[in-house]
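As given, the protein sequences belong to chains A and B, one line each in that order.
In terms of our numbering, the first sequence opens at residue 1 and continues consecutively.
In terms of our numbering, the second sequence opens at residue 1 and continues consecutively.
Just to be clear, a hint being listed does not mean it is correct.
Since the list can't tell identical chains apart, any single copy or any two copies may satisfy a pair.
Keeping only pairs whose Cα atoms sit at most 27 Å apart, straight-line, the calculated DSSO-like set for lysine-lysine is [to be verified]: (1) K73 to K182; (2) K73 to K86; (3) K182 to K111; (4) K111 to K72; (5) K129 to K73; (6) K111 to K74; (7) K72 to K188; (8) K86 to K72; (9) K72 to K182; (10) K272 to K86; (11) K86 to K188; (12) K129 to K272; (13) K129 to K74; (14) K182 to K74; (15) K129 to K258.
Keep in mind that the hints were calculated from the coordinates and are not lab data.
2 protein chains.
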Amino acid sequence: MITLAVDCMGGDHGPRVTLPACRHFLDRYPDAALLLVGLPASLAEFAHPRATVVVASEVVGMDDSIEIALRKKKDSSMRVAISQVKQGTAQAAVSAGNTGALMAIARYLLKTLDGIDRPAIAGQIPNAKGGATTVLDLGANVDCTAEHLLQFAVMGSALVSVLSDNENPTVGLLNIGEEAIKGNETIKRSGELLRAAAQAGDLNFYGNVEGNDIFVGTTDIVVCDGFVGNVALKTSEGLASMIVNFLRVEFSRNLFTKFAAILSYPVLTALKKRMDHRRYNGAALLGLRGLVFKSHGSADAFAFEQALHRAYDAARNNLLDRVQARIAHAAPLLAVPADYALDTTAPMSA
Amino acid sequence: MITLAVDCMGGDHGPRVTLPACRHFLDRYPDAALLLVGLPASLAEFAHPRATVVVASEVVGMDDSIEIALRKKKDSSMRVAISQVKQGTAQAAVSAGNTGALMAIARYLLKTLDGIDRPAIAGQIPNAKGGATTVLDLGANVDCTAEHLLQFAVMGSALVSVLSDNENPTVGLLNIGEEAIKGNETIKRSGELLRAAAQAGDLNFYGNVEGNDIFVGTTDIVVCDGFVGNVALKTSEGLASMIVNFLRVEFSRNLFTKFAAILSYPVLTALKKRMDHRRYNGAALLGLRGLVFKSHGSADAFAFEQALHRAYDAARNNLLDRVQARIAHAAPLLAVPADYALDTTAPMSA
Numbered sequence: 001m002i003t004l005a006v007d008c009m010g011g012d013h014g015p016r017v018t019l020p021a022c023r024h025f026l027d028r029y030p031d032a033a034l035l036l037v038g039l040p041a042s043l044a045e046f047a048h049p050r051a052t053v054v055v056a057s058e059v060v061g062m063d064d065s066i067e068i069a070l071r072k073k074k075d076s077s078m079r080v081a082i083s084q085v086k087q088g089t090a091q092a093a094v095s096a097g098n099t100g101a102l103m104a105i106a107r108y109l110l111k112t113l114d115g116i117d118r119p120a121i122a123g124q125i126p127n128a129k130g131g132a133t134t135v136l137d138l139g140a141n142v143d144c145t146a147e148h149l150l151q152f153a154v155m156g157s158a159l160v161s162v163l164s165d166n167e168n169p170t171v172g173l174l175n176i177g178e179e180a181i182k183g184n185e186t187i188k189r190s191g192e193l194l195r196a197a198a199q200a201g202d203l204n205f206y207g208n209v210e211g212n213d214i215f216v217g218t219t220d221i222v223v224c225d226g227f228v229g230n231v232a233l234k235t236s237e238g239l240a241s242m243i244v245n246f247l248r249v250e251f252s253r254n255l256f257t258k259f260a261a262i263l264s265y266p267v268l269t270a271l272k273k274r275m276d277h278r279r280y281n282g283a284a285l286l287g288l289r290g291l292v293f294k295s296h297g298s299a300d301a302f303a304f305e306q307a308l309h310r311a312y313d314a315a316r317n318n319l320l321d322r323v324q325a326r327i328a329h330a331a332p333l334l335a336v337p338a339d340y341a342l343d344t345t346a347p348m349s350a
Numbered sequence: 001m002i003t004l005a006v007d008c009m010g011g012d013h014g015p016r017v018t019l020p021a022c023r024h025f026l027d028r029y030p031d032a033a034l035l036l037v038g039l040p041a042s043l044a045e046f047a048h049p050r051a052t053v054v055v056a057s058e059v060v061g062m063d064d065s066i067e068i069a070l071r072k073k074k075d076s077s078m079r080v081a082i083s084q085v086k087q088g089t090a091q092a093a094v095s096a097g098n099t100g101a102l103m104a105i106a107r108y109l110l111k112t113l114d115g116i117d118r119p120a121i122a123g124q125i126p127n128a129k130g131g132a133t134t135v136l137d138l139g140a141n142v143d144c145t146a147e148h149l150l151q152f153a154v155m156g157s158a159l160v161s162v163l164s165d166n167e168n169p170t171v172g173l174l175n176i177g178e179e180a181i182k183g184n185e186t187i188k189r190s191g192e193l194l195r196a197a198a199q200a201g202d203l204n205f206y207g208n209v210e211g212n213d214i215f216v217g218t219t220d221i222v223v224c225d226g227f228v229g230n231v232a233l234k235t236s237e238g239l240a241s242m243i244v245n246f247l248r249v250e251f252s253r254n255l256f257t258k259f260a261a262i263l264s265y266p267v268l269t270a271l272k273k274r275m276d277h278r279r280y281n282g283a284a285l286l287g288l289r290g291l292v293f294k295s296h297g298s299a300d301a302f303a304f305e306q307a308l309h310r311a312y313d314a315a316r317n318n319l320l321d322r323v324q325a326r327i328a329h330a331a332p333l334l335a336v337p338a339d340y341a342l343d344t345t346a347p348m349s350a
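Please build the complete structure, drawing on both the sequences and the hints.
So this is what it looks like as structure tokens:
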């Protein structure tokens, strides 16, 4: 039995979205159980033999500061859900709440794995190969050192090897050119560390990749700092929305184009499905001593259920143990001498 | 008469693309003259009353290092073209050559304007409003301080106000959230400097924007460091290519979809036109004591001609003087005390 703790109050829609997703998920996975965490009144009507309500008296708002979420709302549904993972009553927690608060609470309660300074958010972006490219970090860390990027690469490799049949996934370092001399000092140092890790057999490092490679699917994993990853993700979402809206407007321009739209229905449906980021909802918070998955705040029931699936897959496949094993194997590389670590960031302040 | 110096040898295709573009451009603008810079043998057959060949004996390769381009090839077509601007024989130079080399040579020959530490590359990205968002920097500077971002904002505002009818264009600071507390230390400081500039009446600062806002068209200008800007640009190009290819494949799947494609022709043509980055080809190198425009290396004749148009518009509208005037006006803000400037970058090394 795989048990997930679900923060039913999180996200833009709360129980209205999370509860239908939970019910559908339970119907689909007979070996899954859910701990539904939230205000009792909101969850009172949900009954299922494999669902248990766990009461929380507070809710972290989408606009709450990390300070408020962490220090003031100690009985929030988000925190209680993560506590279930810490206590071992659930194998993973899922929340659609405020990312900053989720990361802070998860880090505070669960702590990071040995060898990992900072957790990262790993998400999937659909690519031209019909699969998805795993990109991390998507926004947890706005300033990263070369060592952090190496840690992200190790964690991302573990994630992809666990959740797909690909034992040795390729890693690309997001840069502004393919040549090793490109990029800022942090990126160049990251390239050196990643090449060293590849030589030691800890990583399948492809080399530098550029923004377009995320969609080409050049590598299974793309590593970048959270600022860059977040901008890349949101820029893509913006362009995708623009194109979908453009097609909607143009195809409804007149009777002729409306007829064309009807005939183009199979193509447009396939495009819509390919561009549907709901299918890829559920980003892993990697590097913690416990599994936590983040759903998009605006997720609908279909999207939220994908996040539940992802958490279930990760728990069933022992993602945590396997990430830990990968990190332990790469430990000599991750343990960079302090003076070297300092040195790598020095040029940033020049 | 507006005279442009054209590096006819630059880009992936050289004279095969640049010469037809030059001819078409000359036919369209009766008050324009061109200095065609390149190897005599390559330009021998081009004759036009308003075109003059300027001989250069070398060509900067797309893979040449900045060192080679700057120190070894002193008679390159790229350098000779920029020299025309320095000497005053041309009002602007246009090249499709290697970006790093172009920036280095332009900076070496022309020098930066007072108050500007680093030139930036400003390009246009089509937005949902039917216009284009001007984004800078697109890759000239991989590490930027808050002061650099302020300089980019001032230069970008001058560019847009000169090349459009918008006297007071809005500026957004690319960030990972709208709130002023978001982002790394450099971005937060940039926000402070931009707000101060807005209060002094030197800028129309909107506030933070996110990646999707580039395509929404939330602001006329989006300011970011060159690493982030380059990733955002290439990520968008990758997604756009994926969608266009997807539609091509899906619409040619069978007789029925081929028929749908024929009926959808007006819509697909409109989409292709909207997504056609050739129309927006020609990025300005801002902050130099002379006008230089960079065409995409893979530009075809249509795209290269757009870069010529852009350079012509900039020259005719006295972009250089107007950028200079804006910078002079904002000089008290740009002249940040040295210790304060140091302080702003300090947290980056923490």
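For each hint, the structure was consulted:
1. K73 to K182: Classified as between; 22 Å across copies, 45 Å inside a copy.
2. K73 to K86: within (18 Å within a copy, 64 Å between copies)
3. K182 to K111: Cα proximity of K182 and K111: across copies only (23 Å, versus 35 Å in one copy).
4. K111 to K72: within (20 Å within a copy, 55 Å between copies)
5. K129 to K73: neither (44 Å within a copy, 42 Å between copies)
6. K111 to K74: For K111 and K74, only the intra-copy Cα distance (17 Å) is at most 27 Å; the inter-copy one is 58 Å.
7. K72 to K188: between (42 Å within a copy, 26 Å between copies)
8. K86 to K72: Cα proximity of K86 and K72: one copy only (20 Å, versus 63 Å across).
9. K72 to K182: between (45 Å within a copy, 21 Å between copies)
10. K272 to K86: neither (39 Å within a copy, 52 Å between copies)
11. K86 to K188: Intra 37 Å, inter 35 Å, cutoff 27 Å: neither.
12. K129 to K272: both (16 Å within a copy, 22 Å between copies)
13. K129 to K74: Neither. Shortest intra-copy (44 Å) and inter-copy (45 Å) distances fail the 27 Å Cα cut-off.
14. K182 to K74: Classified as between: cross-chain Cα gap 24 Å, same-chain 46 Å, threshold 27 Å.
15. K129 to K258: So K129 and K258 pass the 27 Å test across copies only (23 Å; inside, 31 Å).
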